[in-house]
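Protein chains in written order, with this note's numbering: chain F, 1 to 206; chain R, 1 to 569.
Read the hints as simulated data drawn from the structure, not as lab findings.
Any given hint could be a false lead.
Facing chain R, from chain F, some residues (calculated, C-beta under 8 Å) [said to hold, decoys possible]: (1) R34; (2) N39; (3) L106; (4) E109; (5) T110; (6) M113; (7) Q126; (8) L153; (9) E157; (10) S174; (11) L178.
All values reported here derive from a predicted model rather than from experimental measurement.
Where is the CB? At the ideal position from N, CA and C, for every residue including glycine.
Each chain, written out:
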Amino acid sequence: MNLRLQTPLATAVAIAFGFIILASLLIPDLMDVRNQILNWAILLAAIALFLGFANLFQVHLQKLRNKEKSAYSSILIVAMLVTFAITLWEGSQGVTAAWIFNNIQLPIETSLMAVLAISLTIAAAQILQQRKDLMSLVFIGTVFILILSSGPLFGIELPVFTRTIGPIVNNFLSVGALRGLLIGVSLGTLASGLRILLGSDRPYGG
Amino acid sequence: MTYHSGQDPEESLPDWLKALRKRQSQEPTSPEGEDSSAPEPDEEEPDWLRDIRQRYGFPESGPETDSHQKPENALSDTQPIIPSRAVETRPNHEREVFSQGPMAEEPIEDTPEQPSQEWINEEPAAEVPQPESPRREFPDWLEELGEVEGTAIKEDELAPHIPAFTEGTEPELIPGVLPSWLEAIRPGGAFPQEDTRSEEMLPSAEKIGGPLAGLSGVLPAEPDAIQSFKPPVYSARLEVTDSQSQHAAAFKKMLEEEGKPKGDQGHQVALPIRLINTLIGTAIFVAVLVPLLSQSQLAPRPEPDLLPENAAVFNRIDVLPSEAPVLIGLDLQPALYGETKAAITAVINHLLERQARLVFISTQPTGPGIVERLLQEELANQPAGAEGNYTNLGYLSGGMAALRSFFSDPRSATVSMSALGLNPWTSPAFDSIDSVSDFALVLVVSSNADDARIWIEQGASEFPNGLIAITSAQAAPLLRPYLQGVPQTLQGIVSGVQGAVLYERLRSQEVGGGRDLWDAYSFGLGAILLLILLGGLSGRLTHMRLERTATKITYTEPETKPAGDQLGN
Numbered sequence: 001m002n003l004r005l006q007t008p009l010a011t012a013v014a015i016a017f018g019f020i021i022l023a024s025l026l027i028p029d030l031m032d033v034r035n036q037i038l039n040w041a042i043l044l045a046a047i048a049l050f051l052g053f054a055n056l057f058q059v060h061l062q063k064l065r066n067k068e069k070s071a072y073s074s075i076l077i078v079a080m081l082v083t084f085a086i087t088l089w090e091g092s093q094g095v096t097a098a099w100i101f102n103n104i105q106l107p108i109e110t111s112l113m114a115v116l117a118i119s120l121t122i123a124a125a126q127i128l129q130q131r132k133d134l135m136s137l138v139f140i141g142t143v144f145i146l147i148l149s150s151g152p153l154f155g156i157e158l159p160v161f162t163r164t165i166g167p168i169v170n171n172f173l174s175v176g177a178l179r180g181l182l183i184g185v186s187l188g189t190l191a192s193g194l195r196i197l198l199g200s201d202r203p204y205g206g
Numbered sequence: 001m002t003y004h005s006g007q008d009p010e011e012s013l014p015d016w017l018k019a020l021r022k023r024q025s026q027e028p029t030s031p032e033g034e035d036s037s038a039p040e041p042d043e044e045e046p047d048w049l050r051d052i053r054q055r056y057g058f059p060e061s062g063p064e065t066d067s068h069q070k071p072e073n074a075l076s077d078t079q080p081i082i083p084s085r086a087v088e089t090r091p092n093h094e095r096e097v098f099s100q101g102p103m104a105e106e107p108i109e110d111t112p113e114q115p116s117q118e119w120i121n122e123e124p125a126a127e128v129p130q131p132e133s134p135r136r137e138f139p140d141w142l143e144e145l146g147e148v149e150g151t152a153i154k155e156d157e158l159a160p161h162i163p164a165f166t167e168g169t170e171p172e173l174i175p176g177v178l179p180s181w182l183e184a185i186r187p188g189g190a191f192p193q194e195d196t197r198s199e200e201m202l203p204s205a206e207k208i209g210g211p212l213a214g215l216s217g218v219l220p221a222e223p224d225a226i227q228s229f230k231p232p233v234y235s236a237r238l239e240v241t242d243s244q245s246q247h248a249a250a251f252k253k254m255l256e257e258e259g260k261p262k263g264d265q266g267h268q269v270a271l272p273i274r275l276i277n278t279l280i281g282t283a284i285f286v287a288v289l290v291p292l293l294s295q296s297q298l299a300p301r302p303e304p305d306l307l308p309e310n311a312a313v314f315n316r317i318d319v320l321p322s323e324a325p326v327l328i329g330l331d332l333q334p335a336l337y338g339e340t341k342a343a344i345t346a347v348i349n350h351l352l353e354r355q356a357r358l359v360f361i362s363t364q365p366t367g368p369g370i371v372e373r374l375l376q377e378e379l380a381n382q383p384a385g386a387e388g389n390y391t392n393l394g395y396l397s398g399g400m401a402a403l404r405s406f407f408s409d410p411r412s413a414t415v416s417m418s419a420l421g422l423n424p425w426t427s428p429a430f431d432s433i434d435s436v437s438d439f440a441l442v443l444v445v446s447s448n449a450d451d452a453r454i455w456i457e458q459g460a461s462e463f464p465n466g467l468i469a470i471t472s473a474q475a476a477p478l479l480r481p482y483l484q485g486v487p488q489t490l491q492g493i494v495s496g497v498q499g500a501v502l503y504e505r506l507r508s509q510e511v512g513g514g515r516d517l518w519d520a521y522s523f524g525l526g527a528i529l530l531l532i533l534l535g536g537l538s539g540r541l542t543h544m545r546l547e548r549t550a551t552k553i554t555y556t557e558p559e560t561k562p563a564g565d566q567l568g569n
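Assemble the whole structure, with the sequences as input and the hints as a guide.
Following this line, the structure appears as structure tokens:
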């Protein structure tokens, strides 16, 4: 029997729990209920993380079966399983798990960030070759001002930038723009919450 | 007029009816007769009927055709209507009895039409001598007809001698000419002069549909309303055109490709560009590496009044009482650990000097690992770090909802340490902590502005003693509005290498992680700025050269065109 109860049931559950959480912010007696619901959400998030791990494993296992870049997939699957088994056995703060994190994951991610810095420098250096318009000039000018006001260059401090222009940009221009951005984000969040509470937006796929 | 028993009703029939019955008797009625006399379809069937049959997909008629598909007898409509129920439902022996004996003794109570149908139907009985015939009633018109012709002869006398039909004695009916007896009984002038037939019966009306389509003067077999035909079969398959199929296939392919991860598509870059990119990378690498290796301290440290938010953090930590519980939320990604490490080390060193009791929690899966690395390697010189006098609650999954739950009731929140079966809250140092407001200070260490924003928005009202942030340089500008807001939801920020150096200066540290990086930071910034400047100038010069060349070509084009024209002429 195929009852199509998914959409109304999911919507009803989402709206009900949304109103409970909203009411618990106003009614202190509902705090225990809210904490219980949030603990359920925490467990579900942890399960979702595990499902993500399982999905990644499945995708690369499928690639391995299809012989599609099987070398990369096999390395990834082996590393994934070994790390998972070790962390499961020792815990996230075990000696081997900490060694893997300190000597493999941390250097790799830091190196990628360093490469990103070089890539951004190359892109900024070539921007006037690619685009020769007003916004490119504004972008390059802003980059110059912020770098000059970030500290001394080659050991030489330029007080005009570090003490005058830099604080003006950081404390007025940047803060003004970001406040507008945050107000927009808040209004968007409020609208999204209302749409979910009213059931007109169903991001849970109902 | 009444008939006596034993009188053959066939004898009282008029001549025209007898002749008609004779013709019917000559028609083949048995299946064998039909089969033997059935015309060959190829010979007898007209072309137009064959065309119609082929057009509508009817099967070819022939000897192998089933009995129910055989064409009806042309004169079958002149036959008396036999009640099918009475004939079919009775068994054979009962039918025999009904036609011969017992029924003769029973009084006939049928309707006036039924006796005539029965005796018309009992053709074979006329040849079989019957001892007695029941007295039957006939319709009035038939009785009157018998009186007119004066043939009221007793059935008992004539039945054995007179056959039911006489062959060859009666003239055949001529179409369109009334027989004499019918002419005699015809009321004179009683017929309407105009044709009372319906339009579809008129000779001029052509048959529109069916196997007789195109013929005129044909009686309709039955009204259109009761015509039964095979209902049309509607296909459940979607009928799409070729264009729609192509669009659907393209859309399906696009959706399938959307789900597939993009492959590593390496493209060859021209050698000069590759050389320039390599030079840029090498220049930055050298500019950062040389000060680090030389441990130079050429760059001057920033003044304390340049970043007042740093001073606010320092002042808040500096007044903490001994053994004050401090909650540190470490939402740091490993990629930005190198940049943030100096600031974290400086602040946590200060906290440990104040003998604060540190409680770590992280909403990033890699957070607990970073905490352990930080305390075991960077703060190993501190007694608390070396002896493990801190609490690492571990990973708190669930993002914003989990943080909200933790802020409401930290003891009931599900963290990775409690999931392992350990209860971190059993330590006597945490007896006084029932909520996050019991912490003397709350720090959030974040490399991402969004993570820090969640801490501020969800927990600012829960922290009476304030919230301070240690962030990367990229997140600081996004958090500055909270720092300058009223009420102030963020009491202080230490961000990036610059913040670390300034914090070390506030603590009167001449050596520290920030100071070690400060020269490399300064030289690296200088190199980046120089490279962007050189790259921009180079690009501008290249464009100017190309534009000048294009101008020359445009200028020389009018001179070359006439030459081409001359050649063409």
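With a cut-off of 8 Å on the beta carbons, see whether E109 (chain F) makes it to chain R.
holds, 4 Å
Interface hint status, L178 (chain F) versus chain R (Cβ within 8 Å)
Holds, because the Cβ-Cβ distance from L178 (chain F) to chain R comes to roughly 5 Å (cut-off 8 Å).
Interface hint check: S174 (chain F), Cβ to nearest Cβ on chain R, cutoff 8 Å. Holds or violated?
With a closest approach of 5 Å, the S174 (chain F) hint holds.
Double-check E157 (chain F) for me: the hint is only fine if its C-beta lies closer than 8 Å to a C-beta in chain R.
Given a least distance of 6 Å, the restraint on E157 (chain F) holds.
Any CB of chain R closer than 8 Å to the CB of M113 (chain F)?
Interface hint status for M113 (chain F): holds (4 Å vs cutoff 8 Å).
Just to be careful: measuring from the Cβ of L106 (chain F) to every Cβ in chain R, is the smallest value less than 8 Å?
holds, 5 Å
Interface hint compliance - R34 (chain F) to chain R, C-beta minimum distance less than 8 Å
R34 (chain F) check passes; min Cβ-Cβ to chain R is 7 Å, inside 8 Å.
Hold the hint about N39 (chain F) up to the distance rule: shortest CB distance to chain R must be less than 8 Å.
With a closest approach of 6 Å, the N39 (chain F) hint holds.
Interface hint for Q126 (chain F), Cβ within 8 Å of any Cβ on chain R:
holds, 6 Å
Return the status of the interface hint for L153 (chain F): holds when the least beta-carbon distance to chain R is below 8 Å, violated otherwise.
holds, 4 Å
Using the nearest Cβ pair, does T110 (chain F) come within less than 8 Å of chain R?
Cβ of T110 (chain F) sits 5 Å from chain R, so the hint holds.
Violated hints: none; the structure is consistent with every hint.
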